[in-house]
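*Asks:* So you can see what is in the structure, the chains are spelled out below.
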Amino acid sequence: DQQVKQNSPSLSVQEGRISILNCDYTNSMFDYFLWYKKYPAEGPTFLISISSIKDKNEDGRFTVFLNKSAKHLSLHIVPSQPGDSAVYFCAASAHGSARQLTFGSGTQLTVLP
Amino acid sequence: EPEVTQTPSHQVTQMGQEVILRCVPISNHLYFYWYRQILGQKVEFLVSFYNNEISEKSEIFDDQFSVERPDGSNFTLKIRSTKLEDSAMYFCASMFRSDETQYFGPGTRLLVL
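Respectively, the protein sequence lines represent chains A and B.
Residues in the first sequence are numbered consecutively from 1, following my numbering.
Residues in the second sequence are numbered consecutively from 1, following my numbering.
Think of the hints as simulated: they come from the structure by calculation, not from any bench.
Be aware that a few hints might be false.
Calculated cross-link-like contacts (lysine-lysine; reagent style DSBU-like; alpha-carbon spacing at most 35 Å) [stated by the list, open to error]:
# : chain 1 : residue 1 : chain 2 : residue 2
1 : A       : Lys-5     : B       : Lys-57
2 : A       : Lys-5     : A       : Lys-54
3 : A       : Lys-54    : B       : Lys-57
4 : A       : Lys-71    : B       : Lys-42
5 : B       : Lys-42    : A       : Lys-56
Over 10 Å on every C-beta distance to chain B, these chain A residues come out as not near it, computed from the model [what the hints assert, rightly or not]:
#  : residue
6  : Ser-8
7  : Asn-22
8  : Asp-24
9  : Thr-26
10 : Ser-28
11 : Asn-57
12 : Gly-60
13 : Phe-62
14 : Lys-68
15 : Ser-74
16 : Pro-82
17 : Gln-108
A virtual CB, placed ideally from N, CA and C, is assigned to each residue, including glycine.
Let's have the full structure, built from the sequences with the hints guiding it.
*Replies:* Listed below in structure tokens is the structure:
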């Protein structure tokens, strides 16, 4: 079951530069998308979300873009900081369901000082 | 800031034993979830709970699993007869209302020997 895909298992970025993490989905019923950050042996920490009625949502250094026609979303972090180094998960839920989340496989972001 | 808590943080058990994983969701939240992550794999949905009953469950959530909200604060996951393949991180999550964000606990690492 690959309804949510993160095709890049890892990404390295220099401190101060932009990090772009990508996510693709296949289920047309998904209408709410979230990004979580996760450290080893901890639970996912919510970062930012976007509803399908929008194409962009910003919160400080984090911006999520949604391209519904391409079934693609991306998370931009700018400027990247060493403390941003973690695994980032994309997740999606569908209206009419119990809002259970379907997760991608994650991207390990490393921000180099 | 309110947070989801989980106990124990680690649990080691013998195959065939019963385990109960405990969660205290955020106090005004109405929707409750269990997810698990087997080492090296995606975070997977197990079950959702709303209005004192299961609202959705995955194929993983078979007769060996049960959930309960025994009082106004706790939310538990019971595995009746553990198998080796139940070894995973188990995450509890809660949400205030539908169309909002799920907040995760720190997880319980379950090891079945």
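*Asks:* Compare the structure with each hint and give your call.
*Replies:* These are the hints, each one checked on the structure:
1. Distance hint between Lys-5 (chain A) and Lys-57 (chain B) is fulfilled; the C-alpha atoms sit about 22 Å from each other, no more than 35 Å.
2. For the proposed pair Lys-5 (chain A) and Lys-54 (chain A), the alpha carbon gap of about 21 Å is at most 35 Å, so the pair holds.
3. For the proposed pair Lys-54 (chain A) and Lys-57 (chain B), the alpha carbon gap of about 29 Å is at most 35 Å, so the pair holds.
4. At most 35 Å may separate the alpha-carbon atoms for a hinted pair to count; Lys-71 (chain A) and Lys-42 (chain B) meet this at roughly 20 Å.
5. About 26 Å separates the Cα atoms of Lys-42 (chain B) and Lys-56 (chain A), which keeps this hinted pair within 35 Å; it holds.
6. Listed as a non-interface residue, Ser-8 (chain A) keeps its Cβ farther than 10 Å from every Cβ of chain B; the least gap is roughly 15 Å.
7. The non-interface label for Asn-22 (chain A) is consistent with chain B: the shortest C-beta to C-beta separation is roughly 16 Å, beyond 10 Å.
8. With a minimum CB-CB distance of about 14 Å to chain B, Asp-24 (chain A) clears the 10 Å threshold, and the non-interface call stands.
9. Once the 10 Å rule is applied to beta carbons, Thr-26 (chain A) is consistent with being away from chain B; the minimum gap is 15 Å.
10. No beta-carbon of chain B comes within 10 Å of the beta-carbon of Ser-28 (chain A); the shortest separation is about 18 Å.
11. Listed as outside the interface, Asn-57 (chain A) is consistent with that label: its C-beta sits roughly 12 Å from the nearest C-beta of chain B, beyond the 10 Å cut-off.
12. Separation of Gly-60 (chain A) from chain B is adequate, the least Cβ-Cβ distance of about 16 Å exceeding the 10 Å criterion.
13. Once the 10 Å rule is applied to beta carbons, Phe-62 (chain A) is consistent with being away from chain B; the minimum gap is 14 Å.
14. Distance to chain B confirms Lys-68 (chain A) as a non-interface residue, since its nearest Cβ pair spans about 17 Å, more than 10 Å.
15. Annotated as non-interface, Ser-74 (chain A) keeps its C-beta farther than 10 Å from every C-beta of chain B; the closest such distance is 19 Å.
16. Interface exclusion of Pro-82 (chain A) from chain B stands, the closest Cβ pair being 23 Å apart, more than 10 Å.
17. Even its closest Cβ contact with chain B, about 12 Å, leaves Gln-108 (chain A) beyond 10 Å, as expected for a residue assigned away from the interface.
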